[in-house]
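A.B. asks: So the chains spell out like this:
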Amino acid sequence: MLAFIIRRLAQALVVIVAMVVLVFFGTHVIGDPVWMMVPGDATQEQIEQVRREFGFDQPAYIQFFRFLGDVMQGEFGRSYVHGESAITLILERMPATMELAFAALVLAVVIGIPLGLFAGLKPDHPLSRGIMAASILGFSLPTFWVGLMLIMLFSVMLGWLPATGQGTTVEIFGIRTSLFTLDGWKHLFLPAVNLALLKVSLVIRLTRSGAREASLQDYVKFARAKGLSPARIVGVHILKNILIPIVTVLGLEFGSLVAFSVVTETIFAWPGMGKLLLEAIQRLDRPLIVAYVMVVVLLFVTINLIVDILYSALDPRVRLTGSQA
Amino acid sequence: MATSGSTRPVLAVENLSTHFFTRDGVVKAVDGISFEVMPGEVLGLVGESGSGKSITGFSIMGLIDPPGRIVSGSIRLNGEELVGLDDRAMRRFRGRSLAMVFQDPMMTLNPVLRIDTQMMEAVQAHEAVSDKAARARSAEVLAMVGIPSPEERLSAYPHQFSGGMRQRVAIAIALIHRPALIIADEPTTALDVTIQSQILAEMQRLCAESGTALVWITHDLAVVAGLADRVAVMYAGRIAEQGKVDDVLDRPIHPYTHGLIGSVPGARMHGARLAQIPGSTPSLGRLPPGCAFAPRCPRADAACAEHAPSIAAAPDGRAYRCHRPMLIEEVAR
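Just so you know, the sequences run in chain order A and B.
Position one of the first sequence corresponds to residue 1 (the numbering used here), numbered consecutively onward.
Position one of the second sequence corresponds to residue 1001 (the numbering used here), numbered consecutively onward.
To be clear, the hints were calculated from the coordinates, so they are not data collected in a lab.
Quick caveat, the model's predicted, so the values are computed rather than measured.
Mixed in with the good hints there might be a few duds.
In silico DSSO-like links for lysine-lysine, alpha-carbon gap of 30 Å or less [claimed, not checked]:
(1) B:1028 / B:1244
(2) B:1244 / A:240
(3) B:1028 / A:122
(4) B:1028 / A:240
(5) A:221 / A:122
(6) A:122 / A:240
(7) A:122 / B:1244
(8) A:221 / A:240
Only some residues are given here: those of chain B computed to face chain A with a beta carbon under 7 Å [as the list claims (entries may be wrong)]:
(9) 1095
(10) 1110
(11) 1126
(12) 1128
(13) 1161
(14) 1162
Which bits of chain A does chain B cover? Going by a derived footprint, with three or more residues having C-beta under 8 Å, they are [said to hold, decoys possible]:
(15) 206-220
(16) 229-243
(17) 305-317
Cβ coordinates follow ideal geometry from the N, Cα and C atoms, glycine included.
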């Protein structure tokens, strides 16, 4: 188990280094950040000065090694735009994004699994067909459009829920969260639903196909032959088997919820790191982009590790060993 | 060996038909079969794949799912009618007075649940007992089927057992409530030959000790010869012939039984060409109007192809469905 975790962390390091190299040189190619930093009427001399100040006059590889040297000393670079440490900026915004992603994940599980089970166990029921049709919509409708429609319906027309922002927040252990105020919940609801929509559809489909497959297995028939109640068969025998793929996929999807909540955060003006990233890309704020990528990669690796550990708890046939990559 | 007449049968199946209503038409998987099983008796239900023998077993258990349905007939367990019971009422029988052992032990135990979970839930499905008592009963039946150190093995997962051991666990689960009848659906087919004979002997002993009747579904005539008291030979959803195992195997009445026995390689026939029944089992969706076996039968005549034979009784107590029975003159003597 320990060997497994160490091995995983080593792999993570390799992935992070590779990502940093790619992103660093990628952003270098896109354009010259100097133009974003100097006023429009700056003279050639001023431009050259800013260039030297930030080291942009050096060849790319030298800039990279300087950057790497800074990273080794725990200095991840300052945002060109905000002038603050890029990592700090991101970590400040991270709780809001995590909160949103977590709420979306809970919605996906709480709505998706029961509906998926129903559709899987009663495939010919008209309601099942309705669920499946709705899940196609969930897959196909673009997030930004659904977000706008949600605002239109619930905020503009009905006026039930606020359209933007995080609402009243409380500090818990130094983290600002909207999970402990009613106003916060109201603000969280629409963006969470918006972000969850795709995942709900995914969970419905996964659960349905898992339940359909499992319900045909001999062990289910044997469980029925033992005289067990349908509730026990579905709740224990079937559910425990289909949780394995669901946990795996949801783990991976949680990473993507965090990393790609950009659209939802922008529409609902949610103060998360997705919104920060979008601004950073627009302004070629290289340290911020690189730091963001590092954080997201680390997040993905951590989630994968947790999923693997959960997996072994759910499926006794899986044992984590050092040789397992 | 059970005696007929005086005692009441544990299981009485009468004119049972189970059909599957598929898109391609009605598949008559089981079509008007009748048989009885006496207390403590072992009935061998023999047939090729698709002859309806497993569907018969599932029909008795009430485990036929749509598009399948029991369309007519009666199944009485100790006099109680099972056909027409809803799932809730049927659950009182399943696992308690009526148990089943499946073919593939690798598939019948849930891979993600521990053995104790799967056994204790079977105990508690029919008896309101504490976890402790349920566990004790589980360990007890595990010991009965010959699993060493049952207390420890209870905490294991199915994948930590071999195929033979898993089948023993499945048999133990079937025995938990001391059922009146166990339906064993080819429980040794998926096992090694050495394990097969162990399991056979074990089940025979356990059923004899507890007086449990056994319906042993198989395609293996050798198993039937060694295990069963009586045998019913199924073909295309019907019972071609049934009677005492020695009568049926030594002097088959139905040409199909004869062909089936002839297909078993014997020690004396070394080097000789193995007899086989020409053709293959008919599609149950498109059965010929007459006897289903007629197209493959060496004795078939025009009458066989026209109308299906009804059940006839032989002087020795056997029942058969055939227009051109074999050896009937000899049996009559």
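A.B. asks: Evaluate each hint against the coordinates.
C.D. replies: Results of checking the hints against the structure:
For a cut-off of 30 Å, the pair hint linking residue 1028 of chain B to residue 1244 of chain B stands: about 27 Å separates their Cα positions. Annotation: proposed proximity of residue 1244 of chain B to residue 240 of chain A is violated, straight-line Cα distance about 46 Å (limit 30 Å). At roughly 25 Å between alpha-carbon atoms, residue 1028 of chain B and residue 122 of chain A fall within 30 Å of each other, so this suggested pair holds. Simply put, residue 1028 of chain B and residue 240 of chain A have alpha-carbon atoms about 36 Å apart, too far for the 30 Å limit, and the pair is violated.
Restraint check: the Cα-Cα separation between residue 221 of chain A and residue 122 of chain A comes to about 16 Å, which is no more than 30 Å; the hinted pair holds. As the CA atoms of residue 122 of chain A and residue 240 of chain A are separated by approximately 19 Å, the hinted pair is consistent with the 30 Å bound. Proposed proximity of residue 122 of chain A and residue 1244 of chain B is contradicted: the alpha carbons are some 44 Å apart, above 30 Å. Simply put, residue 221 of chain A and residue 240 of chain A have alpha-carbon atoms about 16 Å apart, close enough for the 30 Å limit, and the pair holds.
The criterion of a C-beta within 7 Å of any C-beta in chain A is met by residue 1095 of chain B, whose closest approach is roughly 3 Å, and the hint holds. Annotation: interface hint on residue 1110 of chain B holds; nearest CB of chain A at approximately 4 Å, less than 7 Å. The beta carbon of residue 1126 of chain B comes within 6 Å of a beta carbon in chain A, closer than 7 Å, and the hint placing it at the interface holds. The interface hint given for residue 1128 of chain B is broken, as the beta carbon of that residue sits about 14 Å from the closest beta carbon of chain A, more than 7 Å.
Against a cut-off of 7 Å between C-beta atoms, the interface hint on residue 1161 of chain B is violated, since the closest Cβ of chain A lies about 12 Å away. Hint status for residue 1162 of chain B relative to chain A: violated, with the closest Cβ pair at about 15 Å, above 7 Å. Only residues whose C-beta sits within less than 8 Å of a C-beta in chain B count toward coverage, and the stretch 206-220 of chain A has 3 of them, enough to reach three; the restraint holds. Given a C-beta distance limit of less than 8 Å, the hint that chain B covers the stretch 229-243 of chain A holds, as 7 residues qualify and 3 suffice.
Under the rule that three or more residues need a Cβ within less than 8 Å of chain B, the assignment of the stretch 305-317 of chain A holds, with 4 such residues.
Hint compliance for this structure: hints 2, 4, 7, 12, 13 and 14 are not met, and every other hint is.
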